[in-house]
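A.B. asks: From just these sequences and the hints, can you work out the full model?
Protein sequence lines, in the order shown, are assigned to chains X and R. Quick note: the first sequence uses our numbering, first residue 1, plus one each step. Quick note: the second sequence uses our numbering, first residue 1, plus one each step.
Keep in mind that the hints were calculated from the coordinates and are not lab data. Since the structure is predicted, the reported quantities are computational estimates derived from the model, not experimental observations. No false leads were mixed into what you were given.
What the simulated footprint calls covered on chain X by chain R, stretch by stretch (three residues with Cβ under 8 Å from a Cβ of chain R suffice, anywhere in the stretch; the number is not a length):
no.: 1; segment: 133 to 143
no.: 2; segment: 274 to 286
no.: 3; segment: 293 to 301
What follows is a list of derived Cβ distance ranges for each label pair:
no.: 4; chain 1: X; residue 1: Glu202; chain 2: R; residue 2: Gln140; range: 30 to 40 Å
no.: 5; chain 1: X; residue 1: Gly104; chain 2: R; residue 2: Asp72; range: 17 to 27 Å
no.: 6; chain 1: X; residue 1: Pro15; chain 2: R; residue 2: His128; range: 26 to 36 Å
no.: 7; chain 1: R; residue 1: Arg88; chain 2: X; residue 2: Pro15; range: 55 to 65 Å
Far from chain X, some chain R residues (derived; all Cβ distances over 10 Å):
no.: 8; residue: Phe6
no.: 9; residue: Gly19
no.: 10; residue: Asp62
no.: 11; residue: Glu83
no.: 12; residue: Pro187
no.: 13; residue: Pro224
no.: 14; residue: Ala244
Just so it is clear, CB atoms sit at the ideal spot from N, CA and C, and this is done for glycine as well.
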Amino acid sequence: MKFSFFHLMPYPYLPDDFDEKYPSSSLTFPNTYFDPKLGTQLYHRYLDELEYADQLGFDGIAVNEHHQTAYGLMPSPNIMAAALARRTEHAKIMVLGNAIGIRGNPLRVAEEIAMLDHLSGGRVVSGFVRGIGWEYFAHSISPSRSRDRFNEAHDLIVKAWTSEEMFQWISPNYEYRYVNLWPRPVQQPHPPIYIPGAGSTETMRFCAEHRYTYMSVYAPASVVRRWFDGYRKAADELGYVPEPEKIAFSVPIYVADTSARAHAEARPALEWLFRKGLKQTAQLHSPPGYMSLSSLRGVLSAGLKPFSQLSYEELLANGQAVVGSPDEVTGRLRELHEQLGGFGQLIGLFAIGPSTHEQVTRSAELFATEVMPALR
Amino acid sequence: LPNEEFRQLAGGRVHVLRGGAGQPLLFLHAAGGAGTWLEFHQLLARGFEVIAPDHPGFGGSDDFPEAEAVDDLVFHYLDLMDELGLDRPHVVGASFGGWIAAELAVTAPHRIASLVLLSPAGLRLPDHPVADLFLMSPEQLVGTLYHDPAIAARAFPASPDLDFVLAQYRDLTALARFGWAPFLSNPKLERRLHRITVPTLVVAPSDDRLIPVAHARRYAELIPDARLTEIADCGHAMYFERPAEFAEVTAGFLNGASR
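C.D. replies: Put into structure tokens, the structure is as follows:
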């Protein structure tokens, strides 16, 4: 089992009337609430936490991309990865991922990841995501082109990394007459690729075909089980069994020395994450064209509760968060491993919403010293 | 009741409703309203042969995935006019359909007898932004489209079923294909409007909270000899909200224009 420390870098200082006044912490939530002084402190604190996770022996430290939101302060995850590359030694630096669906120039992503591969000495992991619905508003890209842009950008980037000959690239959304990547990446044939999935069968098949790591996001364990099974089935149809490490379970994790303390501290943090950080309207989440009609039919028929309506107890019961003493967290993760049909990577969100630096580092320490050895 | 038919073009099938007798009138629907024969169609059908196709990706028409932008829609409608044997129909377009109608008239003024634009989209006027309907919930959208809240309340089902929701999502997906960015506009259209040489009426509901009335006024200013009619106490969705008045204004103009 491999363990990673994932950071969203949230901006937790929301106004008291946030719940009544704002439909979301994203897109149109006024940036007057962003205090530059606090922002600077947060970036340095969060980078310290990721560096500390490397020292604690996590196998990976992970960042991601979000735009115009208090949910996560990394419009450019590659800048965060660059800041980590020369200050960490062992952990994989995971960019989970670049939102190639909304990038105007995806060749730039191929170039930056190749640079990061050199800066990190071949430790970079390259995730690709489409970007969340609201980011199509934020960057003026039609969501009706999302999937095509993602697919074309992916194909271009992989070819740019692996081709030893200059080539021209022409696809409906992109045209490059000269693709001739300098630098080429360190890792051969290219850095490992991770794809977060949210239930689309197209994504499961895509990951299985390319033998990429398939990663879950936020859903109840009963739903994640269907996704992982879908990925395993797609691999089976292609005639292979995926290595355990190609299946990654991601989940918020909070550990404290006692159960009571863990729950007292995790409850407000998780409630912030699901009710404020992830607060969004249907239009922000799935603007027209972002989902295929069949995916939308599936989601609407499933009748899942919106994040904001999930109680703390439901989040724990559903396996959408894991909280407790080291022994309890170890036991719960064993249960989830069983329930999900197995996974070879655990990507933990340890810095949750308004958690303090002391809480995050203590939780990560307890996890690294007591939970990881038990589960390895 | 209208006749329903499907017409095959190179890129797919077009769903067409047609009814009435008289000079042909091609009606280009708004972002909403595809695939439905409404009261105002019926009223116009008393004096005209009303031909109401669904745009690519809307209502009962196929997706036509190769249609990416409004210029593709212009060629689509020229193809459809050829297919239907329409030589010089009157063209009436509302909102998104008004934008297509204006682009069609710019490209092929000789193929059109006369033009009616109801609160048309299509212009980029930075000082008069179009409201972002893509961000609105169905309730917010309906509230924006109608002047009269009582009519708005009846315009959208209280508990829409799954198929209804999916059909709405498909229509808006097609709208996003043609109008996400630039937002519901063609920045080049303003400087091309002088090419419209047919009699033109621009209808502007005074309480248009989706597309500010400045857009209709700008159209009327730039299309040679265009007439502008502002309708008091009416919202953007005039052909839903005030069907009789819209039919009367339209028929009155077309009858005058064709004499």
